[in-house]
Amino acid sequence: MTPRHLFAALLLATLLFCPRLHAAVDSVPTTWRLLDYIAVDYREAVRDGAVVNQVEYQEMQEFSATAAAAIKALPPTPDSDSLNQGATALQQAIRAKSAPEQIATRARAVAALLIKAYPIPLMPTSAPQYARGQTLYAQQCASCHGATGAGNGPAAAGLDPPPIDFTDRARADERSIFALYQVIDQGLQGTSMPSFASLPAEDRWALATYVGALAYPESEAEAGRELLEKNDALRARLDFKSYVDTTPATLATELQSAQKAAAIVAYVRRHPEATQTRDAESALAVSHELLRQAMAAYRGGQLKQAKDLALSAYLDGFEPVEPLLAARDAPLMAKIEEAMAGVRAGIGANVDADTLQTQVDRLDDLYAEAGQVLAQGETSAVASFAAAFTILLREGLEALLIVVAIIALLRKAGRREMLPWVHGGWLSALGAGAVTWGLATWVVSISGASRELTEGFGSLLAAIVLIWVGIWMHGKSHAENWQRYVRDKLGHALSKTSGVFLLGLIFVVVYREVFETILFYVAIWNQGSKTSVIAGGVAGSLVLMVIGWLMMRYSRRLPISQFFRYSSVLMAVLAVVLMGKAVSALQEAGYLPITWINGGPRVELLGIYPTMEGIAAQVGIALVLVVGFVWSNRSAGALKASDGTR
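Those letters in the sequence shown? Residues 1 to 646, per this note's numbering, in order.
Check before you lean on any hint, since a few could be wrong.
[What the hints assert, rightly or not] DSS-like cross-link-like pairs, simulated, lysine-lysine; straight-line CA separation at most 25 Å:
no.: 1; residue 1: K116; residue 2: K307
no.: 2; residue 1: K72; residue 2: K304
no.: 3; residue 1: K304; residue 2: K116
no.: 4; residue 1: K97; residue 2: K72
no.: 5; residue 1: K241; residue 2: K230
no.: 6; residue 1: K260; residue 2: K241
no.: 7; residue 1: K241; residue 2: K116
no.: 8; residue 1: K260; residue 2: K335
no.: 9; residue 1: K72; residue 2: K116
no.: 10; residue 1: K260; residue 2: K230
no.: 11; residue 1: K307; residue 2: K230
no.: 12; residue 1: K335; residue 2: K307
Simulated from the structure, these hints should not be mistaken for laboratory data.
Note that the structure is predicted; figures quoted are calculated from it, not measured.
Starting from the given sequences, assemble the full structure and let the hints guide the process.
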């Protein structure tokens, strides 16, 4: 049995013996791969209207019938009739021994409609890294497929079937990056090709990109680059989506030149970032496409898939351009963020499909407006300065208030030896921020999910600690309580363990703000006046330094009881603010549900967002603080009374 026969037989077996075949959307990827197999290998069965390989031809008939049966068994969608008609027409064309080009066109049309009706992830969230794919190939694949991809690696001897020859141009011409990704993701049972699903998705896309370039020599890449640079229409046609799902054969047909198509493929598969030259527009297009897929899944009754796609539309589509849009038009950014949350909330509440479609249509209008804002070119010098200044001031103020309050506390306690732990915390956070800036600028793209989880869990941890600190400070707002604490406990309490705790707390609080500031700065740095960004950052830093100096100076003059009273209120307010931000970030990352409050309050500075969960969490934290303050007052009164009776 040839490798092609075994591959197809395994696909067929997967469909026939899948326990959920007759209602299983899970069979969609396998059905897609079966259609892709027909598109590629039918040419081995029929040529010039005659059967040249009877076994292959019988398999083509059987496989097309199996694909048609699998499609018919899927849950109904608005595209079901077209899908069934296309699958039937494919079967008839195969029986009529139509030309391979016609069969490939029909099979790919059915496959494309299948993906439209029952969406599965089609695109990476960012341009795959060819160099990363090369490294992974050497580690994971070269032993079987060979260093050049010719299927002649040292471990290939004795393998049945033998490894695929990735340098076979005829087969490579019929393989899209998406098709390669599918095989890498799922593997081929019964062969030596394992599933690499354990690798991160970006690594699987990187491998698909590298493998997809092996049949197209690097020597042709320069010609491909020149073709793209000289033809604006062609460059616009080859967007990121086309890079992922267009086969070289399809591109050759469109260009009416196999040579030009091969040169372009040799270039873009080594430089997939060239298909994302308009990052903001591409990101919005990705978000739009994912929302369209989410609606299709929702109408098909696939609620979980619709929810995942809607979340991906935010994290992988809109989130990458959110900082830039916020710098240019913050109110529009807030409208889009609220509208996307409304879509996710609608899916969660199982609203009527037409109602949800209305919300998605509103997002399309907002996207069009955002596209105009983002297409205006570089941000003006004044806008760049203002954005850099306000972002740093807004994000830095929370961290500054906490750091200064803790420093003032240690000074009033006479424990200056603990200050290096505090300074070590914020200095290490700034150092980690500098590393993050470098990574976000030159090495990797920080995903939306990573950003939201970092902000969410960082805020949550800081809020929990501040609740305890606020209640503790309030309990020491009576001078006699503070004196007793210093006398009895503080001399022994601030040990090395306490120092590590202080360092960790300060690091988390400061890095959370640094992290968000960096993401905004990367956006405006790439799109605005760099001199103005630097000036805005310097101005914001100076203002923060002045605020910090004034706080330190004023705190020294405050009586100990007033210092603790004011500080406890400050910590309580910051705990409530951070809890609101934590809930919002975890909602945006898909970790918490969203119950949207239409027309509800939104005050980002105070961490207030129009969701039931966020407001409920803040109210809950406020109640905990009130109870804690009352309890600490009563405890203080009891201690004072006991001292008076002694």
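Please verify whether K116 and K307 have alpha carbons no more than 25 Å apart. Since the Cα atoms of K116 and K307 sit roughly 16 Å apart, the hinted pair holds (cutoff 25 Å).
Check whether the Cα positions of K304 and K116 lie no farther apart than 25 Å. 17 Å, holds
Quick one, are K260 and K335 close enough, alpha carbons at most 25 Å? 44 Å, violated
When you check the alpha-carbon spacing of K72 and K116, does it fall within 25 Å? 15 Å, holds
Taking 25 Å as the top limit, are the C-alpha atoms of K307 and K230 close enough? 41 Å, violated
Restraint check for K241 with K116, where alpha carbons must lie at most 25 Å apart: 14 Å, holds
Restraint status (C-alpha distance of K260 to K241 at most 25 Å): Cα-Cα ~20 Å, so holds.
Given hint K307 paired with K335 - CA-CA distance at most 25 Å: It holds: about 20 Å lies between the C-alpha atoms, which stays within 25 Å.
For the pair we were handed, K97 and K72, check the Cα-Cα distance against 25 Å. 23 Å, holds
Quickly compare the C-alpha distance for K241 and K230 to 25 Å and report which way the hint goes. The hint holds at about 21 Å.
Check whether the Cα positions of K260 and K230 lie no farther apart than 25 Å. Cα-Cα ~13 Å, so holds.
Decide if the proposed pair is consistent with the structure: K72 and K304, CA atoms, cutoff 25 Å inclusive. 22 Å, holds
The structure shown violates the earlier hints numbered 8, 11.
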